[in-house]
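Protein chains in written order, with this note's numbering: chain A, 1 to 140; chain B, 141 to 1151.
These are calculated hints, taken from the structure and not from any lab test.
None of these values were measured; they are calculated from a predicted model.
Idealized CB from N, CA, C, for every residue including glycine.
It cannot be assumed that every hint is accurate.
One side of the interface only, derived from the structure: several residues of chain A facing chain B at Cβ under 10 Å [unchecked claim]: (1) 13; (2) 17; (3) 18; (4) 22; (5) 26; (6) 31; (7) 32; (8) 35; (9) 36; (10) 119; (11) 127; (12) 129; (13) 130; (14) 131.
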Amino acid sequence: MADTGRAGQTLENYPLYIRSVPTENELKFHYTVHTSLDVVDEKISAMGKALVDQRELYLGLLYPTEDYKVYGYVTNSKVKFVMVVDSSNTALRDNEIRSMFRKLHNSYTDIMCNPFYNPGDRIHSRAFDNMVNSMMMQVC
Amino acid sequence: GWMNKHLNLVPALVVVFYELDWDEPQWKEKQSECATRVEIVRQSLQGRNTKVAVVLIQKKTPLPPGEDVIASERAAALCNACDLSGKSLFVLPHTDHLVGYIIRLENAFYEHAQTYYYTEIRRVKSHKEFLNKTTHQLLFVRHQFKIAFFSELKQDTQNALKNYRTAYNLVHELRAHETNMLEIKTMAGFINYKVTSLKGPFYIAFGDLFDEAIKLGLTAIQTQNPGFYYQQAAYYAQERKQLASMLCNHDSSVIYPNPDPLETQTGVLDFYGQRPWRQGILSFDLSDPEKEKMGILSLQLKEKNVLHSELIITLLSNAVAQFKKYKCPRMKSHLMVQMGEEYYYAKDYAKALKLLDYVMCEYRSEGWCTLLTSILTTALKCSYLMAQLKDYITYSLELLGRASTLKEDQKSRIEKNLIKVLMNESPDPEPDCDTAAVKASQKLWADRVSLAGSNVFTIEVQDFIPFVQCKAKFLAPSFHVDVPVQFDVYLRADCPHPIRFSKLCISFNNQDYNQYCVVEEAYQKSDILEQSSQGTMCLVPGKTRKFTFKFVAKTEDVGKKIEITSVDLILGSESGRCVILNWRGGGGDAASSQEALQAARSFRRRPKLPDNEVHWDSLTIQASTMIISRVPNISVQLRHEPPALTNEMYCLIVTVQSHEDTVAKDVKLTAGLKPGQDANLTQKTQVTLHGTDACDESFPALLPDIPVGDLQPGEKLEKPIYIRCGTVGARMFLVYVSYLIDTIVEGKEILCKCHRDETVTIETVFPFDVAVKFVSTKLEHLDRVFADIPFLLMTDILSASPWPLTIVTTQLQLSPSMTPVDQLESYVENVVLQTGESASECFCLRCPPVTNASGVATGCYIISWKRSSPVESVPVVSTVITLPHVIVESIPLHVNADLPSFGRVRESLPVRYHLQNKTDLVQDVEVSVEPSDAFMFSGLKQIRLRILPGTQQEMLYNFYPLMAGYQQLPSLHVNLLRFPNFTNQLLRRFIPTHIFVKVRLGMTEDNSIMS
């Protein structure tokens, strides 16, 4: 079993999309994602401006809690992806997480390419939902 | 327990210090004495594995090992006698390097102690290997813990941590196992509780440890700081509390068992956390169920007395402090929410509210609606339980608003409660509240209801997201004073049911307008729940309501900004409770700026709505408008002939014509240099109404408010204005006509002030260029003049004006050092110059010798001129041109020649050269004449003579021209012995070199025959 909460966020740090499985205790994951932004901010600012262009988008493990692992990913336009997974899930290694983020990013890019999507709006996309669903199914 | 034992009682290493030198005479006795001592120590340790070491304190410095044969022999013997290994025997020479030896000893001892603990660990491990997981559950954990503990004593923290962790995992396993085995839920929970209450303090301890370490210089980073451990400890404390509340809910009749099963004879337990009544029992079989039950009960009762919330809050606040230190604002907020919730559970609602309120805005500004809603719900409960009216209303407003993620039914319940509060009734209790607390609060609410007064609440909506949204919008960014100012106020409710309001009023920066912008409807108390009402005072969810206001601006406000300072929406009534929602400026709340931004970016097509409805998102706030003066209905025209010429009285004719229907009263004209230009221009520009006489510097650059009188409809007025520009360049001139007129707006008669202005840029140019040059009498250019020798001053006036100029006269004013050779009179009087034409004059001057080498002032040239114009009255302008200085040089000898203006072939041509000595010295002069092909001549061909100071010598020659035409004269060469600088080139300036020779009269035919 894996609890996975994910969120894509913008520069203003409000959630564009947030989803968790299972849905009970969802609030807690919201808090976890929200607090993880502290670390994301710190990591981005620590990276410095010079390296912005070539920097690695994947931020790695943000911080471990007793039960969950929180991973972060930031696009060049400073859209943040956060993934919370059960720490007992050993099947997910860095490489898997990285590829999941890349998938999320691709899907997000597709949304941005939609001329009817207004950057900054909450994401209501069936394609994105399906992608996230399939990803979560895979993990669980 | 055993921890204490290993920490304080059982040593890892015993060191026996003994004074013994290698060359001790009574070696045998001493050796046996030492051995006895070691034996005594051994016995007292009773077979523990404690290491024993012997240190010999010696007075002599030892020899290097291997050299002292006696020493090594004796050492071996001693070891043998004491039953020690060679490694446990040390020597401490009592000599100079004591400190060094001691440090070495210390290290050696430390090594020994480590070995001891290592063997202890191995011993425990070997024990453990005998155990198997199913039967020796408890021992398994215990051993693991012991290993960890010894590792810690060994100062091997890494391993200690690892082992502790495995111990915990085992404890977890143990728990699950026990659950299956005993199948007593209470029991399982209790052990679970035990684990958490065990674990909590561990994290606290670890947190403290970490904090200490940081104080000692360890650098912590954001993701690794003590805060996490405090937080974790708080989580366990919370878990403990939950379990405790589940398990320890005995009613008050249960009394503490007697005798206390928690009391043991020694007061000390073997193992930390072990149940006192089960000391020494290792199996799970309940040997004495009754005793067990009593024991558990007593523990539960004790647990009930623990103030869990306080513990949790302390831990959380510790964590908050740490996260603040490591710049984790969101983590901090999260913990503060938890603290607030904990205070809520601890029934300290005031503190809970304070904390929640503090962090709420952070979640709001970051747009985390779900989190905000959850916090708001807790806050609403707190405010309900405390019967805090204002807070209750505020939280209700926000929970009903668009940022809330509550379900419709919840919203509906909250709205009903809010309406009750507005009608001065008690609201229904919030769900999931403590029943006792609800009872208490109901009483508080009843008190509030009976309390008269203080029932008006003003709530500033700027900082949160209420369920009514407001946008005010002036229809235009500016209004003329003679049209009414119009604006719309849009309201929209997000709550599930329609809501009525009693009043809508708008405040302006000029409060006089407030009275015109009020919507009010007195309504009956019973109407408030009438949902079908579509009256003006009702806000239907999801529909945008528009209120249009109109007022006439005051004439004093012309040029000022009218600003909406606030919009007040009053819910409820004065008779019940009154809530004033106050929007600062033209509406908008904490979320609306972001929404406006999104709406502006959006390309989404909005569905078509009926004409009287608008899309909320497409509305923008326009909270201020300018009042501008009435549009003038007059024309202002300017007539002039640019460019202006420097210093002339430039005429600008202003024509004002009225197109008003009524009389334009009090017409005033302001004309002149437009303010705000270069300050120097102000001094170099003068304006006057009278152009006949030239004005001076004292005239102003701007003539303000020249009264012109009244203008009848259609009347035309002309006014000439004269401008004098002292410098060249562009200037902006302003002509401003203002007048008063009566108009009627919305049935009100107002006196409007209107004005029209015109600006014109006028270029000023020099009327002419004046060139001055000095030439010799031979009209050759001079860069310097020679003293006492006449020269010519030539002036040249070149007209640069596009308009014809009349030179009235010119005048040459010479400086005292210059003297005119003949009469000075103007040759260009009344000359008219077109563009590009020039007028030249020539004056013959002489300059007496001067000592000043740098130059001599020549004087000035005054030109009196005017624009050629049929009008006689144009004043004459005098332009003074300062003539350049000229360098005057003295020469030793001046030569001039007297000769006719022309010669004739074969007719004698007498030439007389005058050689003047201009110096105070006697000059030796060599004069020679070189012949020319065109002339024969008689006279002295070469001579040397002396000329006395101030006198002159004449040389007479008779030239006889041979050819006609422009012929070169025989050239005169003069050589001054005293002045080698005096060259013939200089001489050429003074005497002619050529002459024109005509043919002989009546000899033309002969010539032709001859040729």
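Run through the hints listed earlier and report the numbers of any the structure violates, in increasing order. Structure breaks hints 2, 4, 11, 12, 13, 14.
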